[in-house]
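> Each protein sequence line maps, in turn, to chains A, B and C.
Remember, my numbering sits 1 above the position in the first sequence when you count from 1.
Remember, my numbering sits 52 above the position in the second sequence when you count from 1.
Remember, my numbering sits 5 above the position in the third sequence when you count from 1.
What the hints contain is simulated information worked out from the structure, not anything from laboratory work.
Quick caveat: nothing in here was measured; it's all calculated off a predicted structure.
Just to be clear, a hint being listed does not mean it is correct.
[Stated by the list, open to error] Computed list of lysine to any residue pairs in SDA-like fashion (alpha-carbon distance at most 20 Å, straight line):
| # | chain 1 | residue 1 | chain 2 | residue 2 |
| --- | --- | --- | --- | --- |
| 1 | A | K16 | B | T162 |
| 2 | B | K246 | B | N230 |
| 3 | C | K270 | A | H17 |
| 4 | A | K16 | B | S297 |
| 5 | A | K74 | A | G224 |
| 6 | C | K270 | A | K74 |
| 7 | C | K141 | A | R20 |
| 8 | C | K270 | B | L182 |
| 9 | C | K270 | B | D211 |
| 10 | A | K16 | B | L182 |
| 11 | C | K270 | A | W28 |
| 12 | A | K16 | B | G176 |
| 13 | C | K141 | A | E46 |
| 14 | B | K246 | B | G215 |
| 15 | A | K16 | B | D211 |
| 16 | B | K139 | B | A195 |
| 17 | C | K270 | A | R20 |
| 18 | A | K74 | C | V193 |
| 19 | A | K74 | A | F187 |
| 20 | C | K141 | A | K16 |
| 21 | A | K16 | B | A195 |
| 22 | C | K270 | A | A62 |
| 23 | C | K141 | A | F187 |
| 24 | A | K16 | C | L46 |
| 25 | A | K16 | C | V193 |
| 26 | A | K16 | B | R125 |
| 27 | A | K74 | C | V197 |
| 28 | C | K270 | B | S208 |
[What the hints assert, rightly or not] Across the chosen pairs, the derived CB separations fall in these ranges:
| # | chain 1 | residue 1 | chain 2 | residue 2 | range |
| --- | --- | --- | --- | --- | --- |
| 29 | A | H54 | C | A55 | 22 to 32 Å |
| 30 | C | F72 | B | S214 | 24 to 34 Å |
| 31 | A | N237 | C | P17 | 49 to 59 Å |
| 32 | A | A57 | B | V77 | 35 to 45 Å |
| 33 | A | A57 | C | L201 | 32 to 42 Å |
| 34 | A | E21 | C | Y241 | 37 to 47 Å |
All C-beta atoms in this analysis are idealised placements derived from N, C-alpha and C, irrespective of residue type, glycine included.
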Amino acid sequence: MSSAVQKRYPEVWRKHTPRETAARWLWIAAVAFASAWSVSALDIEWAFFKDAHVQAADLAARMWPPRWAYLPKIVAPLVETIHIATLGTAIAVVFSVPIAFLAARNTTANGFTWAVGRGILVASRSVNTVIWGLLFVAIFGPGPLAGIAAVSARSVGFLAKLVAEAIEEADRGPIEAIEATGASTFQVYVVGILPQVMPVLIGTTVYRWDINVRESSVLGFVGAGGIGIYLYASINQFAWQQVLVVLLAILAVVVASEAVSAWVRERIS
Amino acid sequence: MAAAREAPAQGGAGPLLAIEGLAKVYPGGTRALDGVSFLVDRPEVIAVIGSSGAGKSTLIRCINRLVEPTAGRVLLGGTDIVGLGTKDLRQARRRIGMIFQEFNLVDRLTVMENLLSGRLGSVGFFASWLRRYPPQDVANAFAMLDRVGLSGLHDSRADALSGGQRQRVGIGRALMQNPDLLLVDEPTASLDPKTARQIMRLIRALAEERATPALVNIHDVALAQGFADRVIGLKAGKVAFDGPSTGLTPEVLTEIYGAEDWSQTIRREDEEEAGA
Amino acid sequence: MSTAAYPTSWRPPPAFFGTRTRQHAAVIAALLYVVWSVSTLNVDVNRALAGFGRAVDLFVRMVPPDFSRGELLVRGMVESLQMAFAATLAGVVLSVPLGIAAARNLAPRPVYLAARGLIVVGRTFHEVIIAIFFVKLFGFGAVAGLLTLAFHSVIFLAKMLAEDIENVRVGPIEAVRATGAGFLQVVVYSVVPQVLTRSVGTAIYRLDANVRHSTVVGIVGAGGIGQTLSASFSRYDYDFAAAILLCIIALVALGEWFSDWVRAKLR
């Protein structure tokens with residue numbers, strides 16, 4: 002009977018057809034090639050790696066003990082960092098709503114307005130907060146104002162993209178019902194759509210605020226205010242014990258803001 | 053197909069399966085099993101019934117030690133499974149096929165990979181990783197697919213199948229082990245009534261064909277009566293009834309489950325072929 | 006039926022704060038916060054107003070963007086891409102052990118806590134801060150950038166992997182174990198299939214994120230297009246800066262499109 006089994010049924014089974022197998026190998030080869038190219042083209046001085054751990058240990062030793070006397074000096078810049086994040090996020094929220102309506106397929110006026118909305122999203126999101134900082138320092142001069150502008154410029158795209166997606170996924174039912182009452186387009190947006198996307202807007206805002214606190218901690222590197230300038234200065238002066246204090250302060254603020262953000266998001270959902 | 057099986061264990065030492073004084077106390081003090089003993093000395097389908105929390109699931113999982121029993125012995129063909137070390141336990145598990153309520157297929161793998169995973173215990177790690185199974189296993193898997201009524205679906209992904217089809221794959225996976233014993237945990241609880249009967253019929257037919265005893269946890273008393281030769285009733289971790297399925301009287305059910313009107317539940321003889 | 010007995014005014018109940026008093030309090034608190042924060046920022050109003058004029062001036066100097074130094078531009082972009090790619094690869098390799106160590110259902114308690122602690126601390130610090138340390142250790146250039154991105158990739162990918170492993174369904178694991186499979190077989194047949202697709206998706210997403218982040222670590226001298234950009238800003242070379250920014254936007258948009266495309270194909 003087992004010979005009958007062998008006659009009737011195939012004895013070989015492959016998960017992939019030869020073509021699929023070839024495609025997989027091609028992908029693997031492409032990844033391997035790209036990695037080899039990337040690593041070799043970067044001119045890595047491998048000798049540096051040999052004593053990296055010694056250097057790192059040396060740096061760590063020089064950081065210890067933290068110079069706590071520096072802490073009072075950085076309280077004001079830390080507060081400023083949080084202000085930059087909060088005000089920047091607030092401004093971004095205001096602008097993100099109309100842009101989201103522009104960039105959502107079902108609420109935009111025509112192809113041109115949609116392209117404008119999408120263009121704003123892409124430009125805002127592609128440029129890092131710190132690079133926006135460079136730009137706004139050139140405009141407003143060094144200081145927290147440039148930082149706030151940079152945070153808003155980056156956050157607008159982030160918020161608007163997620164809100165636009167929420168608008169596109171909004172339940173058609175209530176929208177139709179409000180259209181049926183003879184409401185104007187604007188009324189439909191405000192009464193029919195906005196309440197539906199409100200939870201998304203609030204959730205992403207709080208989430209983005211938490212990211213922005215982190216981003217604001219380095220805006221000072223390009224002169225856009227906050228704690229970053231003190232960190233940068235301390236590093237350039239090789240004041241490593243001061244650096245450790247600043248790092249610990251940033252750690253505390255970021256972890257706290259993350260906890261706040263998580264708490265708020267849990268409450269609204 | 054029976055010829056393809058390895059020699060059944062009943063020729064060797066002792067009965068097919070003997071459970072002796074099996075007990076399980078979970079951390080936290082829940083006594084799920086309290087001295088369960090019974091003997092399986094011929095290939096038969098045994099339904100294990102009892103209310104939720106009576107210990108059915110724990111009993112089945114203690115036999116292949118997915119749950120570690122607190123006390124007692126599980127003798128499979130004379131070997132005590134409870135005392136085995138990791139490696140010997142793996143060997144013992146190969147001889148026990150298991151079928152689950154939630155099917156427990158690996159969703160992203162194909163039907164074929166799920167069936168062949170029944171051979172994992174007898175294939176080396178690298179061969180299984182590279183999906184290189186012995187030709188006989190592959191042929192048996194195709195045959196099994198035919199037998200459980202899923203011909204042609206070998207390259208479908210498990211998550212593309214219906215509930216009944218998935219359970220058929222689950223049955224196939226267990227039987228690919230050529231087990232000496234089948235453990236079946238609520239095989240129909242996730243299925244509609246018609247599919248449930250089909251699945252029970254398939255399990256029964258396969259168990260008979262292969263002369264493999266099967267221990268089936270089941271909620272549905274009517275299904276238990278319809279498809280089992282023998283019924284073991286558990287109550288609070290103890291055996292409250294052990295006898296032929298024809299012996300399930302209202303008194304017995306009241307003993308197992310508590311007072312209720314059982315007249316509608318107990319199957320009448322003329323219903324036997326309904327719902328085929 | 007007369008309507009005289011019914012109230013003629015109605016206002017919706019406050020949505021998020023429970024009572025109207027609390028809602029008013031929240032609004033007032035928010036306004037007070039804005040006043041306080043703006044007052045402490047000591048923004049130079051005249052300088053700020055002058056900014057709008059400068060913005061126009063800046064815009065005029067940016068247009069048209071100067072693409073004439075194409076070679077410098079391309080070299081910077083390619084370096085950013087290489088950094089992003091090598092960093093993702095290093096991240097994928099190193100995140101597997103860290104991710105397993107940070108999965109509550111696989112790792113022993115002390116290992117789990119240590120790995121989670123490393124992830125929390127690592128996530129806290131912005132790329133630029135990490136970059137500045139690597140610049141101190143390895144000197145200016147792409148290596149510092151590569152290590153920065155790699156560091157962040159390891160942390161990020163390990164966190165995602167750990168969460169995926171923690172969410173694995175236990176049923177299939179139980180079933181594969183019941184066939185008598187060994188530990189590695191259980192991992193390969195029940196954990197890997199459940200985690201793999203998501204992990205590849207996360208890695209592709211991280212490649213895309215690394216392309217974006219590679220443009221910024223150059224600000225502190227860690228190589229890539231960001232370094233070119235930073236230099237052009239400090240030389241007031243705004244038309245070249247505009248060209249770089251446009252290229253970054255194009256590259257990032259392309260990276261995002263690629264990442265979405267691959268992840269959609271993976272399902």
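> For C:K141 and A:F187, compute the direct alpha-carbon distance and say whether it is at most 20 Å.
violated (55 Å)
> Are C:K270 and B:D211 close enough, with their CA atoms no more than 20 Å apart?
Holds, at roughly 17 Å.
> Check the following: the C-beta atoms of C:F72 and B:S214 are separated by a distance inside 24 to 34 Å.
violated (59 Å)
> Check the hint pairing C:K141 with A:K16 against an upper bound of 20 Å on the C-alpha distance.
It is violated: about 50 Å lies between the C-alpha atoms, which goes past 20 Å.
> Check the hint pairing C:K141 with A:E46 against an upper bound of 20 Å on the C-alpha distance.
Roughly 15 Å separates the two Cα atoms, so the pair holds.
> Sort out whether B:S208 lies within 20 Å of C:K270, counting only the CA atoms.
At roughly 18 Å apart (the allowed maximum being 20 Å), B:S208 and C:K270 satisfy the hint.
> Given the hinted pair A:K16 and B:D211, is their alpha-carbon gap at most 20 Å?
Measuring from Cα to Cα gives roughly 16 Å; hence the hint holds.
> Take a look at whether the Cβ-Cβ distance between A:E21 and C:Y241 falls inside 37 to 47 Å.
Taking Cβ atoms as reference, A:E21 and C:Y241 lie about 55 Å apart, which means the hint is violated.
> For the pair supplied as a hint, B:K246 and B:G215, confirm whether the alpha-carbon distance does not exceed 20 Å.
holds (12 Å)
> Below or equal to 20 Å on CA atoms is what counts here, so check A:K16 against B:G176.
Roughly 18 Å between the alpha carbons, so the hint for A:K16 and B:G176 holds.
> Given the hint that A:K74 pairs with A:F187, does the C-alpha gap stay at or below 20 Å?
Roughly 50 Å between the alpha carbons, so the hint for A:K74 and A:F187 is violated.
> Take the C-alpha atoms of A:K74 and C:V197, compute the straight-line distance between them, and say whether it is at most 20 Å.
Judged against 20 Å, a Cα distance of about 51 Å means the pair is violated.
This entry does not satisfy hints 2, 4, 6, 7, 8, 16, 18, 19, 20, 22, 23, 24, 26, 27, 29, 30, 32 and 34, going by the numbered hints stated previously.
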